[in-house]
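Position chain A against the provided structure of chain L, taking the given hints into account.
Chain by chain, the residues:
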Amino acid sequence: MTKELKYVGKRAVRLDGLEKVTAAAKYVDDLEFGPAMYYVAVLESPYAHAIIKSIDTSEAEKMPGVKAVLSGKDFPEKFGLYLKDNSIFPADRVRYVGEQVAAVVAETPAQAKAAVKKIKVEYEPLPVLQNPLEAIKPDAPLIHPDLGKYEVVPWLYPQPGTNIAHVRKIRKGDVDKAFEEADYILEDWYHVPHVVHAPMETHISVALFSYDGRLTMWNSTQSPHTQRNIIANSLKIPHKNVRVIAPYVGGGFGGKAGINMEVIAAVAAMKVPGHPVKLRWTRRQEFFNTSQRQELYAHIKMGVNKEGKIIALKHELFWDVGASAEYGSNVVNATGFSATGPYYIPNVYIDSFAVYTNRPPCGAYRGFGYSEFHFGIESHMDRMAKMIGMDPVEFRRKNAIRRGQSVAYGVEMNPTGILECIDKVAEKIEWGKEDKSPDPTKVRAKGFAAVWKAPAMPPNESSAAFIKFSEDGSINILVSGMELGQGFLTAMAKIAAEELQLPLEKIRVELPDTDRNPYEWQTVASHVTWSCGNAVRRAAIDARNQILNTVSRAYHIDKANLYLEDGKVKCYTDPEFELPFEKFVIDGIEMPDGTYRGGPIMGHGMFMPEFTSAKVNPETGLGGHPNVHYTTGAGAVEIEIDKETGRIRVIKMAEAFDAGKAINPDLVEGQIVGGFVQGLGTALWEEVKFDENGRILNPNFTDYKIPTALDVPREMHPIIVEVPQPDGPFGARGIAEHTMIPVMPAVANAVENALGIRIKEVPITPEKILNALKEKEQNKQ
Amino acid sequence: MKREIKFTLNGEPVKIDVMPNEKLLDVLRDRLGVKSPKHGCGRGECGACTVLLNGKTIRSCITLAIEVDGQEITTLEGLEKDGMTELQKSFLEHNSFQCGFCAPGMTLTATELLRKNPHPDEEEIREAIAGNLCRCTGYKNIVDAIVDVSKKG
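The listed protein sequences derive, respectively, from chains L and A. When we follow the numbering used here, the leftmost residue of the first sequence carries the number 1, and every step to the right adds one. When we follow the numbering used here, the leftmost residue of the second sequence carries the number 1, and every step to the right adds one.
For reference, chain L alone in the conformation it holds in the complex (with noise of 0.2 Å):
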C-alpha cells in the first residue's frame, strides 16, 4: 500500500528557524557559568618538529590569577578514535606549529595569558617533514617512532618505522593485462592542498569537574557521545560520570567532528574541581590547532579501450595527514575503498597512504577525501574523454556505475540516479551550447563533473531514538544527532510526522545531552538523515503502536480498524470515533468503572546496518562490505575567464544529487547550493600556505579568503534525483557532503574548455592561469 506522504518531502519552516533568525539560539559561548568560572589558556609550541627537553612552569604558577598549570607531566594519555597516536599534551616532542605543550587555569583570560608566557620549554628542534612524497621515504625522520604501540581498530594498518600511518589497498581483476589491452593510456599527477573548515564559530568548550566526580562538558561539537567516549576511556572516569551538552554549533563541516580541543578543558577542569572552565579558540589557533583538510598527491593511470570503455585503473593517493592520524586515517582508508569515482571498472589498484608529516592533524571534513580524489579523477575523465574523441558526458554515462554492478571492493552497488543526475545536470547548464562573452577579453565555457561518495563508518555505527508525549499531544523527539545547519531536526520532525500523523508544530527535537538523549555515534559522513532517521521512524511506529494498543484495549476496537489522523485516532468502521492524542496520551482513558488504560506514551528506536563489516583482505580490499551505500551526483559550471588577468568567475552552476528521497526538499536544496559555494571557495582561493619551518602564513580571513555574496554564481540550479535506498526512511540518503565534490574538478574542466589549458593543482588562481597561458604560448612558438 502506498500512502501519499504528508510530511516527508513537502516544504517547510525549518525547525530551528526561529531560534536562529530571532538570536534565540544559544551557541556554547552564549552559556552564562557565573562567577565561578576560569579561563583557559594554552602554550603553543613555536616548532614544527622538536625534543622537549624540559617544561618549567614554576613562574607561571606565581603569577596572579593562576589556578593550575598543566602540561604531559600531569596527562600523558594518548587519545584518538581510530588510532590513539594524539596527545592532551605531548610529554616528549611537538609535532606541528601550535601545538599545545601546556595549559593555564586564571580567574581570567588576560591573566591565564599573561601566565602562558611565563612558562619555559627547552627545545631541540629536529628536522621538519612537510612534504607526505618526502616522509614516505624509508630513510625519513619519524615523526611517531611508537606507531607499532599504538591502539588502533583492527581495521587500520599502521607500519611501525615508517611515517606511514595506515595503507588501504584495492586488488580488483588484473590491471597489468588490462593495460596491454587498453587502446588508450593516460597517466599523470593532481594536487589538492590543505583547506579548513573555517566554521563561523571557532571551537569551544567550557567543563566542570563537580566535587562528585562527575565531568559535565558543554562543546561546539558533531560528536557528543563519541566525545563522551573518548574521555571516559583516556581519563578513567565511568561513562555515567562523563556528560555532553551540546547547544547550537555554529558551523562544522567536520571540523567538530570527534574530538580535538575539548580534552584540553576536561582535564584543566579536573585540576580545579567546582569552577567551569572555558577554552575558546581563536581565529588563528583554529588554523593552527584544529584538523585541516589532508592535502593529497594523486597518481592516476587510466586504461581506456576503443568503444570508450575504461578498463583499468591504477590510482595511488599520498595523503598528508598531518601530526596526528587519530581520525584522518580512516579518511584515507574510506577513500581508498572508492578511488575509482562513481564507475564500473573491472580492474583496479589502488594504493592510499597515510602518511604523518609536521603539519597539523588533518581529519574529517565535508566530502571526507572525496573532494581531494574527484579532483584527479573526474579531470582525467575530461582528458580522457577527449583523448579518444568523446563527449565528456557521454563518456562519463558509459561508464557510470548501475546498480548491480561490481564497486572496487567487489560488493555490488546500490540503486542510484547516476544517469538521471548527469542527464538534468547537462539540460540545465545546456552542454553543448556555446555561450560568448560580451567583452572580448574574456572567454565562456562549461565543466562538468559526475560524483559519487559512500559514509565512512565503523561497520557498528548506531542510532537510538526516544519519543515522549506530553499532556497536549505534543511531542519530543530525543536523539543525540546534531544540528549543524544541515536540517537535521526538521528531517527527524517530519519523519515522527509522517509515522504519527501529528502535525510539525507539536513536534520539538531536542538537541544532545549524553545524560538525557539516547546514543548517536557521530554526525558526520551524511549519515544522519539514514541512520538517525531510521531510529526516529521506529521509535514512532513504536509509539503509535503503543497508541493503538491503548485504544483497542479501551474501546475493544481491533486495532487494525484504527489509524491516525492529524494527531488524533480515528476508525475505518466508524467514522464518528475521533480521539484526539491529548485525550490520553499521558492520562490514559477512563473506563465505565473509573478505572484508566494505558498511560504515558514514550516510543523507542534505533538502527545499526548489521550488514556492514570492515573485516576485508589487507591486500586486496575484497572479502567485507565496508560502505552501506553510495550517494550519487553531478556537477557543471559555466565559467567566464578574464584572459588578461587570470581572473575566474563562476557565472551558473547546476548540481544534482540522489537523495533517494527529499525528506526536506527546500533544505536538500539548500545544502546543494552551500556546499557548491564552499567547493567554489577550495577551487578557487582557499588553500593553506606554510613557510619553510612549518608555520602557517594565512591564518586568518584577510589572507585566507573564503566565498563573500558577491564572489558567488547568480545563476544556481539545485537538482533533487529520487532513486529510493531500500533501507533508508522514506528511501531517503545522505547528500549533504556530495555537494562540494564536484566543483574543483568541474572548474578544472571548464578552464581547459575556455583555454586549453590543464591546471592540476588548486586553487586555480590567476596566477597558475596566466603562467599556464604563458607556457602555451612558448610552447607553439
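Hints are computed from structural coordinates only; laboratory data are not their basis.
Examples of chain L residues lying across from chain A (beta carbon under 7 Å, computed):
(1) Gly-17
(2) Ala-198
(3) Gly-250
(4) Val-677
(5) Asn-700
(6) Thr-702
Computed from the model, here is a short list of chain L residues facing chain A with C-beta under 10 Å:
(7) Val-13
(8) Ala-25
(9) Asp-29
(10) Val-249
(11) Gly-485
(12) Val-673
(13) Leu-680
(14) Thr-708
(15) Ala-709
(16) Arg-714
Taking lysine-lysine pairs in the DSS-like style, the calculated list, with each CA pair at most 25 Å apart, reads:
(17) A:Lys-89 <-> L:Lys-26
(18) A:Lys-89 <-> L:Lys-506
(19) L:Lys-774 <-> L:Lys-643
(20) L:Lys-10 <-> A:Lys-89
(21) L:Lys-26 <-> A:Lys-81
Every residue, glycine too, gets a C-beta built ideally from N, C-alpha and C.
Positioned in the frame of chain L, the structure of chain A alone reads:
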C-alpha cells in the same frame, strides 16, 4: 584606569565602568548579557559581531567600549523588541540560515541597507552584505529574503 561610560543600548540607558582596552563585543556579551553579536574572528573580518552605532553598522570586536560613550548601540535584541521585523520574517520564510551563527550580524547589515535604500537591487544587496561571511548557505536564501523585502512597501 577604569572609566565610566554612558550609552544607549537598545533604547535603554546604560552606565558601566570599562577598561580602556575593553572591546565593545566583550562588554556587550560578557558584562551586559547581550548575546546576539557573536565572536567570529576578533579582527573585524567576518561580520558576526556587527552592531549598529547610531544606526550604522560597526564591528564590535574591533571597537573599544569607551568609544561608544554617549552614543546609541542597537543589537538584534533591540530591533526585535516589538516583535520580528519584516526582514526577520522573510529570513524565516526563506529558510535563509543554516547554522545561524552569522544571522544576527547579517540581519543588522541588511537592516542598515534597507533603511538607507528601501528598494535595493540584487547587486546592491550582495555588495552590502559582502562583509558578512557565511560558510553554510552560499548566500542565496539570504539574498532572496532581502530581495523579497525590498520589493515591498
